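Q: According to the numbering used here, the stretch in the sequence shown is residues 1 to 565, in order.
Derived by calculation from the structure, the hints in this document are not laboratory data. Treat the numbers as computed from the prediction; the structure is a model and nothing was measured. You can trust all of the hints, since none of them are fake.
In silico BS3-like links for lysine-lysine, alpha-carbon gap of 25 Å or less:
1. K315 to K200
2. K153 to K48
3. K166 to K81
4. K155 to K81
5. K200 to K316
6. K438 to K553
7. K155 to K28
8. K102 to K81
9. K102 to K232
10. K153 to K11
Taking CB as the label site, the calculated pair distances span:
11. N444 to A238: 51 to 61 Å
12. P236 to P197: 15 to 25 Å
13. K403 to N444: 44 to 54 Å
14. E399 to R533: 20 to 30 Å
15. A238 to K6: 45 to 55 Å
16. A207 to S416: 22 to 32 Å
17. H458 to E434: 24 to 34 Å
18. R143 to S10: 10 to 20 Å
19. D248 to S461: 34 to 44 Å
20. K398 to K337: 21 to 31 Å
21. G231 to K6: 36 to 46 Å
22. S532 to P236: 28 to 38 Å
23. A238 to A9: 54 to 64 Å
By construction, the Cβ of each residue, glycine as well, lies at the ideal position given by its N, Cα and C atoms.
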Amino acid sequence: MGYQVKEVASKPYDGQKPGTSGLRKRVKVFQQENYTENFIQAIFDSIKADGATLVIGGDGRYFSPETVQTILRIGSANGVKKFIVGKDAILSTPAASNVIRKYKADGGILLTASHNPGGPNNDFGIKYNVSNGGPAPENVTNRIYEVTKTIQKYKVIEADPVDLSKIGETTYGPSQVQIIDSVQDYVELLEEIFDFPLIKDFLNNNAQSFRVLFDGLHGVTGPYARAILIGKLGLPDAAVQNCIPLPDFGGGHPDPNLTYAHSLVEVVEKNNIQFGAASDGDGDRNMIYGKGAFVTPSDSVAIIADSADVIPYFKKGGVKGLARSMPTSKAIDLVAKKKGLEYFEVPTGWKFFGNLMDAGRLSICGEESFGTGSDHIREKDGLWAVVAWLNILAAANKESPNKLIGIRELLQRHYSIYGRSFFSRYDYEEVSSEGANKLVALLNDAIKTSSLANAIHHSKSTGQDYRISSVTSFSYKDPIDGSVSSNQGQIVLFDDGSRVVFRLSGTGSAGATVRMYVERYVGPDAGPEELSRDTAEGLKGLIEVALEITKLKEFLERDEPTVIT
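Sequences and hints are given; from them, build the entire structure.
A: Next comes the structure, spelled out in structure tokens:
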């Protein structure tokens, strides 16, 4: 293939600062002249591109096909030796992490805005992952950002586009392009981790009493779910829905929670389905939901950690440690203490787990934002969590042949041993930055002056009193490399151990998003009735107090959150 390397003059754009999961903006922003090219060139200027092997993939959202070709043109001009690309440029985020690790690539570029909506008027994203398969750490993303502020040119090769629809190898300028099956490597990985024969027997023997439904929300996981649930575990075609990936996710919001995954919730309740699950746009998040039984992400990771010994991967290699993001409930901490395991509290962002995994100190971790995973890769993994639950349920039912154990029974068993952390998150999306900053300023002032400490707040609706013990800002010192991440959220802690956390989120593409996390712990001695209460009922008094303390409605000019999870 003939080619020429060409330099194109450009100029910087403001605001090309990658967040915890890459650069996310509206599609129209990326479509500005040289905007996408600038950011891609900045990535190649920030890594050792010459002679590198890079993985390319994404969730197939709108604007992906042309961006993949742009990456190939710029990467080849910058000396990339080999590109490993998912067929049709499709690779879920977990699958891409696995491919980077399996083929010992130097890194990868993923085209995704995760759970954010897609389409010409919605979001697009570009994310760089490093050689361990995980998201780029801050020293790398900061380097990329610095380049974007001064960039004056980018390099491209002038060559015909690569046909990414055919598996195989081709030469592209000075580079090799290997197009791989997007699904195969990932399915093989999960077969090594879980007891597929046990799960298949359980599902086959209980086909009428234990039905499964997976909702792909028209994101990238559809083909992966079909290959695993139908191809390997023998479930019928009816066990999956919305599993054709679409550039606009069918006009929906591919975020697996009770608000946006209503297509799953409605069918599960209507058809009395015992096990429902959903994943997001790029396949790294998950929701577990059975008839009348929603599993919070905080409880999900705690239950997986508690039952890890029935999963072959952990039975063989052991569990080295547990971790959660700071806003996530402390349910997994209780499991770690009971089992004598080391556990960690890290800032939001999966990259913070990576160092601990690479050092051999972490096996299972999770975030309240529907992200769950382990050290099998360096990204959270939606289908991994779904199959983990099926493995745990299959093992539980093998031990209880005369009584069907479902999601509700597993939850009740867990609460009877560890107690329950009632947990909810309120998202206020696309609020004014001014109002959000006023809220943060109030909390920061309370941190400096201790003005809220020891104050007692009374809930009129429940009659409960809550005394504030402290207001702090969360900072994290990485135990592996010593790096410090400050101002990772404000924590209002109460005397009874309840807490309310506030964070400004960096994953949206427009306006500010304020997240309020509310947690109240009830011990196992409270009894089944108290432990089984509705989440909103269990948290009612604490939420009322949290809104009063922070003047949140006044600052954000919102009576209700956009999303409650």
